[in-house]
Each structure stands twice: as C-alpha cells, then as structure tokens.
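Trainee: What follows is each chain in one-letter form.
2 protein chains.
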Amino acid sequence: MAKSGAKRTKLSKKDYEARIPALREQLIQLQVSLKSAPFPVLLVVAGVEGSGKGVVINLLNGWLDPRGVEVFAFHPPTDEERERPPMWRYWRSLPPRGRLGIYVGSWYTEALREASVPRARREKFRHALSRIEHFERLLVADGALVVKVWLHLSKTDQGVRLKKLESSARTAWRVTADDWRSHRDYKRLDELGRTLRQATSRTGARWRVINAADERARNVAVADTLLSAFLAHHQTLAKRLAPGRRLATTPLRPEGLRRLAELPLDKRITSSAYEAKRDKWLGRLNEMIRRAAAKHRSVVFVFEGWDAAGKGGAIRRLTSAIDARDCRVIPVAKPTDEEKAHHYLWRFWRHVPRAGMVTIYDRSWYGRVLVERLEGFAREAEWRRAYAELNDFETQLEEHGIIVVKFWLHISKAEQLRRFRHREETEYKRHKINAEDWRNRRKWHQYEIAVGDMLTLTREVPWHLVAAEDKRHARLQVLKLSCRQIEAALAQG
Amino acid sequence: MAKSGAKRTKLSKKDYEARIPALREQLIQLQVSLKSAPFPVLLVVAGVEGSGKGVVINLLNGWLDPRGVEVFAFHPPTDEERERPPMWRYWRSLPPRGRLGIYVGSWYTEALREASVPRARREKFRHALSRIEHFERLLVADGALVVKVWLHLSKTDQGVRLKKLESSARTAWRVTADDWRSHRDYKRLDELGRTLRQATSRTGARWRVINAADERARNVAVADTLLSAFLAHHQTLAKRLAPGRRLATTPLRPEGLRRLAELPLDKRITSSAYEAKRDKWLGRLNEMIRRAAAKHRSVVFVFEGWDAAGKGGAIRRLTSAIDARDCRVIPVAKPTDEEKAHHYLWRFWRHVPRAGMVTIYDRSWYGRVLVERLEGFAREAEWRRAYAELNDFETQLEEHGIIVVKFWLHISKAEQLRRFRHREETEYKRHKINAEDWRNRRKWHQYEIAVGDMLTLTREVPWHLVAAEDKRHARLQVLKLSCRQIEAALAQG
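In order, the protein sequence lines correspond to chains A and B. Going by the numbering used here, the letters in the first sequence line up with residues 69 to 561, in that order. Going by the numbering used here, the letters in the second sequence line up with residues 69 to 561, in that order.
Isolated chain A (complex conformation) (with noise of 0.2 Å):
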C-alpha cells in the first residue's frame, strides 16, 4: 500500500543534468511506441500543495513532443458539466487509444472538495472514491494505462517550499491564502490523502508516492515512473490482446432465456380501442415529461428489440406525445472512427443529455453484449465484463436524477419473416431492408441467448419486456410503462 512517507531522497544539479538527455530521448520513443499501440496514456499528477504539480507537468510537457499530449486541468464544474452526472467531464476528456493525457490532479481534486466538510460529507467523500475507483477499473480492463503519482512533502518540507516561493518574484504569484490553508489543515489533509490512496490502488492503477521535498529527484522520480510502467504495459498488453474469441452459444444464466419464452405473444388490440386508449395516454405522457423537465430532470429511452420488431415505429409515437425541442432520437449503428478510438462507452458518454432533456436511443450500448458478442468483435472478456460496466453506467445516470427507460421488444421467429417479406413487397419500405437482416436472422438462437443474458445480468435499471406480435399493442404498452416509470421516480423525490 502506498505510505505517504516516501523515501526522501537527493539528487545533485550534475548527475540531474547528466540523466536527462536520456530521459528526454527515452520519453520521445515512448510516444513513437505509443502512436501505434492499442491504448491511451493517462498519467495524474495529484499531491499537496506546494510539491510542484504544475511545475512537473511543465516540464513533461517540455520534454516530450506537444503534439501527442494533452493536460487537463479541471476548473470548477461548467453550467453544461453541473447538468450532467460527475464523471461526465472527465469522460469528454478521455484521451484516445494512442495519445497521452496529462491530468494535474484529475477526478481526484474534486473527490477531495467533497471531503472538505466535516462528517456529514464523509459519504459523499467515500462514495466519490468508489466512483474513481469504477471508473479507472473499466479503462484498466479496456486497456488503459494508468499511471498515478502523489506527490509528497512533509509538514516542515511543506512550510519551507511554500516560503521559498514566497520570497521570489518570479514565483511569488503561485501561492495563494488557500496554500497556507492547506498547510495549517496539514495533518487532516494528510489523512484525507492516505484514505483516497488506500481506496483506489488497484492492479493497473496503484499510486506512487514520490517525495517531492528535492525537486530534481521528484522529477527524475515522475519521468521514471511513466516510462518504467509504459514500458512493462506494452510488454504484458501485446499478450493479453491475444487473439482467443470464442462466441459463447451457451447461456451465462438460463431464467433470461425462459423469461423470453414465456412471454405470451398473443395478445391483440383492435384499431378502434387503440385509438381511444392512445391518446388517454400521449397526454398522460406529455404531462409526466413535462413534469420531469420542470423539476430537471432528463428522461433518457433505450429501445432494443429484434429487427422488424417495431421499434421505429414505437419511438415515433412516443415523440409525438413529446416537444420535439426537448427530444433528440439518437439511432446507434456503427461507430465513427474517432469513437472506435476510446472506450466502447465513451460515445454514449457524449451524448448524455442536459437537465430536463428527453433522449431516445434507437439501438444503445447493449450491441456490446448483443450484436458485439455475436460477430466475435468484443473478446470474450470484454463482453463479459460489460454487464456490470453497463449497470455501472446506468446507475450514474439515476444517481444523477435521470431516469432510465428500457424496452426489450419481443416478437416470434414467423412474425420477423413476415414482416421482413411485408418490407421487400412494400415500395417505401424496402429501405428498411437489407442481407445483414438476414444474416441476423440465421442466427435468431444464438441472439436469443444473448437477450436472455441481457436481461438477467443488466437489470439493476429494470428492463420491460413487451410483446410486439401486435404493433399496436407493443405501441400502448410502451407509452403505458413509460408513464407509470417516470410517475413513479418523480413521487420519489
């Protein structure tokens, strides 16, 4: 575990300049290796005040070709970050697979600010750090390297390097009342350190701690640490990344499966009682978002189904009943190449919506255990994985007031091949249609499996399953579940 009291060591101004030549070239090849490597860089910078956070990153940033690297420093929350769920920014920041992203401090300042309260805070401190501690394993396991170093001073060391400061004016400027705060606050601060430590050290993603009180050693110290665990990440990801997919054509967990066969499939609504009933609904939906807007609160649908199931049809009668200025349908095909650069879930990141908004994933981030899982384009691993990353997801969002709407639509095996005949007959329909449909469709088992896994392992935000043989009444019992969800979450609170 990390110890704040790192060794502290000397280093004289000649050996310092007589290892930075090699320093300097070896940090210019890791970014040549890192150009072409499968993952991003992340290295956080955090640490006391006065141990020279920014003046390291300075330096780095000197050191190493600019046009690889990025810093981020997070100023308090934006209006557009405050209306979305905490990890939002640090989300938009990500760095692409090939990049280095430099962060000073990071998502940790703000975990620290929290604990800035006595007691009463100190669950928001622990569930903030437990957040961090999600959000680091999942771009751990997707490849990431994490490097993260604290840099340490001791109370003494501290007091002389904020006076030091002080007493020049080149540097004068950099300390501020809230430095001398901190230093008084020292022991409580220190603790404070030491528990963040403790609760997000993780393989792939430990904190080191480096004794900034000699600022030569601190920096050789920084500039080791990247280069040493670049070096060994490059090493052990090239066998990890081995090939080894295997499409799981059993079941991980059997009920999903029976769930879905056990749907009765046969229920019908004539026009005439669909119509009476429909708009009885549309304007209880209309209510219910209009409520949820004015208490900011975002209402975000996920709509799956099989292909030919109903869904654009189902969407569009759900709009209807909604301000098309506070609605965005976002359909999901195929990532951009930018958003096959990062994390499967950084798109879906993107598109978060703003307080009061209502968005409307046609497709979502469930292709990564659906249509990913089939076609063999996450490993085995990493789909596997993904239910608890995508309930991980989720539960951000409803932690933030936004509440999540999931569809499942259901039809049988003879209902899709009529409908697939219906859109080849049918003039303006053909361009719903293509050979990929069909290809689907030879694997409907294999996808069944899928689904039913779907909808075991991902329930924590609770899917409804509706049955579509009837369009009409998949239509009203989508615009029914709705209404009676988001009734339920605004009596909440």
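One or more hints might be untrue.
Since the list gives no way to pick one copy over another, a pair counts as held whenever it fits inside one copy or between any two copies.
[Claimed, not checked] List of simulated lysine to any residue pairs, SDA-like, C-alpha gap at most 25 Å:
(1) K81 / S388
(2) K497 / E85
(3) K497 / L95
(4) K408 / R418
(5) K335 / Q484
(6) K78 / Q484
(7) K548 / D430
(8) K348 / S236
(9) K335 / P145
(10) K348 / R238
(11) K548 / V529
(12) K103 / D430
(13) K363 / F142
(14) K232 / S388
(15) K348 / E234
(16) K402 / R415
(17) K511 / E149
(18) K500 / S104
(19) K539 / L127
(20) K348 / G122
(21) K231 / A285
Think of the hints as simulated: they come from the structure by calculation, not from any bench.
Dock chain B against the given chain A, drawing on the hints supplied.
Mentor: Then chain B, alone, in the frame of chain A:
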C-alpha cells in the same frame, strides 16, 4: 423579397386529411434520398409568437422518421457558450451531410434579442444579421440546403390565436406574459422581422413567408416548402458538384510570391546570444499570457510552414513559457470521418478555446488553401472562396477578444533537403520523415504559389513571416513577435 403580408389561405379538414398521406410518404422519400446525398438540410422555422412554430415542428417530427432528424432549440447560452464567439453554439449543432436539422427560431432568435433594446442596440442587431448572412452563405456555398420559413400572423389573428390557446386547459400553459407583451409590441416587431428577412434573404437561403392564420394550410405549406426546396436542390447540386477541378499553377496575386522571395534568410544568431535573449523573452511571454488570461482573453497560435521548417521546435519553446494547464496543442492531420461529414471549418470551430486559454495549432485551417488546393481535395471554387471564409473565421475569433497570432516559417529548398537528410540519418528523428514529405517537396514551386496567395489574401489578421533558415533565429522571432502582438492587443482593450 419576402413580404409580411403572405396570402391568407384556408384548407378544409377534409382536404387536409386527403393530402396528409401523400405528404408523409414524400417526406419519408426525402429522408431516404437524403441519406446518401452529399449535403445536409437545415430547416429554420421562425416567426411571430403564437404562430405555432413548436406545433409545426412537432408535427413534422412525427411525420418524418425520427432517426434522421434532429431538432435544435436554443435556450439562453450556457457559460461554455458565452466563452466562445456567438456563432460557436450554432456550429456545434450543424448536422452532417445526409441529415436533417430542424431549427426552432435558430440563430435568428438571438439576433432578435439583440434588437430588443432601442436605438443604441440597432448597430448590434445589424451586426448580428451580417454575421448570420455570412454563416448561411458559407453553408450554402458548401452545398447545404437551407430552408427558412417565417410564420406570419396579422395583429388581429395573433390576438385571436393567443386567446384561443388560453381558453383550453390543454394549451393554456403555452401562452406566457412574454407572448402578450410581444402582441402589444406587434408593429415594432413586425418591422424588425421585415428588416431581418431583407438582410438575410440570399440565393440558396431565401425566406418563405407563410401565413399561419389557418393552421392546416400552415402545416401543409411548411411541408411543401421543404419538399420542393429539397427536390430542386437535389437536382441542381448533382450538376454543380460535377468534377472539373484544375490545379491552379499560376498565382492569384503575384505580391505573395515576391514577399516570400524577398525575405532575407541569412540571419543567424550564436548559441550564447540566443540563450541570453531567450530567457528574457520567455519570461515576458509568460507575463503576457497571464495578463491576457486575467482579462479572460484567449490566445490562438497558428503555425504554418514548410515541412521541416521547425514548427515543432518553435511550438515546444513557446509552450515552455506557458502553464501546461492552460494550454493545448492541436496537431492538424487528416480529418476524422465525422469531421469529413461536415463543413471543413467545423473541426476548427469544435476546438475554439474557452476564455483565458491558449491553443496552438500545428498546421491549421490553412490546409484548405495549401494541401487541399494543390492535391485537388478541394475544387477550385472551394479553395478560391476559402480565403474570404478564413478571414471571416479569424475575424469572428478576434471580435470575441481572442488574440490570433499567425506564423509562416520559411526556409529555402536547399535547407529543407539538408534537414530531410539529417532526419533520415538520425535514429530518433526518423519517424518524422516519410514518402509524403518527399512528394510534397517535388511540388515546391506550386506550394510557393499557394503560400504566396495565402499570405496575400488572408491578412485581415496579419501573418508573421519568419525566416527559419537558422532555428535559433526563428525561435527567438516567434517569441518576440508573439509578445509584441499580445501586448499590443491588450493595450487596445
């Protein structure tokens, strides 16, 4: 020209219902053709209060397949938006080619807000309109279809409409005190609307005024306008985009080439003289940047120059004077596929910095009139009009208070050869040279012509022409010229 007194037509319920199915089918067909069309469609729905802009858009949204449409309504600017030039928020909303964006009020809403205060602000309103006119002209020139409808109501009809809305419990919430205020202010607002339409009606982005007194006639007219504009555009564009590119091997303006030829390249500076001066200028630059940040002014550096002219080295010296936390280096390489699907300036608008930040472009938007001109990636008409577009882009940055510092680093053809060879011979520099560099070198003279034209035709924000034959001399020049320009800009206001 668009007159307010658009014809007041009536449509019976029966006739209306008879027309809907065909309209809807045509709209879906529009979307199917649009999918593979090489342009985006922007539908702007503006007009007087109570004319039903929201209703029309909701209706259209229901008729269209929601998967290919996005609706944009602009609420008061967020702080992230206020920190950028006014058009930034609109740029970031632009649909890519093949998609339809529907704008409620759009950029016109904000412009009308500028006009809400008397005399003193008239100038601001005029300016906002000319900015919009430029914006739309640029989109249209790029092939976008911009359809603008203005929903008109006479004062009497407006009063009737507002009362009718108020009388029903279902719609009463739509009528606000603001609506009645604008009703009392009808005459002035009507004139403003006329001024606005007059100033922004141009080929390719004409206003169509639609009388909204009869709701059914209004709905059909909006859909019809969109459909017929689309059909006409789809046909003419196919012709306009026909090939016919031609490399311009003669300069548009001879002065530029002369300016390049006359630049003395023999200035040298010794290593010791350089080091002595460098630190002075680095310190001064650091101070300037901090003074700019204190005034919430961003600085944007643009580095252009021959391959191997030393852009990377100059940038590295520059960044060493800037706090890495406030600085971002953006290397401009090939656009991503998302970027390719938008106007060529979109990717640069994306990265416009927040207030008080420094952004350094390593190559830039000038690729449009350099590599894209020479390689034929841009058609002749495209790169020819780019000079004005680039001037306009930079003017918008400057008007917002951003300081734009532009460099062309110049070396001789012989010096480039020496540097290329040196790169090939030096282990850790080899990654910096490839076949493309050699290919570009063979087109030296054509590039000279393009550079000369660029220097001559894009100097609304002036260029710094830097002799870079001696690297130390060039780096010092970059520091000095940056300091002086920032200092002068801060002195002005």
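Trainee: Determine for every hint whether it applies to the structure shown.
Mentor: Each hint tested on the structure:
no. : hint        : verdict
1   : K81 / S388  : between (72 Å within a copy, 20 Å between copies)
2   : K497 / E85  : between (72 Å within a copy, 22 Å between copies)
3   : K497 / L95  : between (57 Å within a copy, 13 Å between copies)
4   : K408 / R418 : both (13 Å within a copy, 19 Å between copies)
5   : K335 / Q484 : within (16 Å within a copy, 77 Å between copies)
6   : K78 / Q484  : neither (73 Å within a copy, 44 Å between copies)
7   : K548 / D430 : within (19 Å within a copy, 55 Å between copies)
8   : K348 / S236 : between (73 Å within a copy, 16 Å between copies)
9   : K335 / P145 : neither (50 Å within a copy, 48 Å between copies)
10  : K348 / R238 : between (70 Å within a copy, 12 Å between copies)
11  : K548 / V529 : within (18 Å within a copy, 59 Å between copies)
12  : K103 / D430 : between (34 Å within a copy, 17 Å between copies)
13  : K363 / F142 : between (28 Å within a copy, 19 Å between copies)
14  : K232 / S388 : between (66 Å within a copy, 22 Å between copies)
15  : K348 / E234 : between (70 Å within a copy, 21 Å between copies)
16  : K402 / R415 : both (11 Å within a copy, 21 Å between copies)
17  : K511 / E149 : neither (42 Å within a copy, 47 Å between copies)
18  : K500 / S104 : between (38 Å within a copy, 14 Å between copies)
19  : K539 / L127 : between (63 Å within a copy, 21 Å between copies)
20  : K348 / G122 : between (60 Å within a copy, 21 Å between copies)
21  : K231 / A285 : within (20 Å within a copy, 77 Å between copies)
Hint compliance for this structure: hints 6, 9 and 17 are broken, all remaining hints hold.
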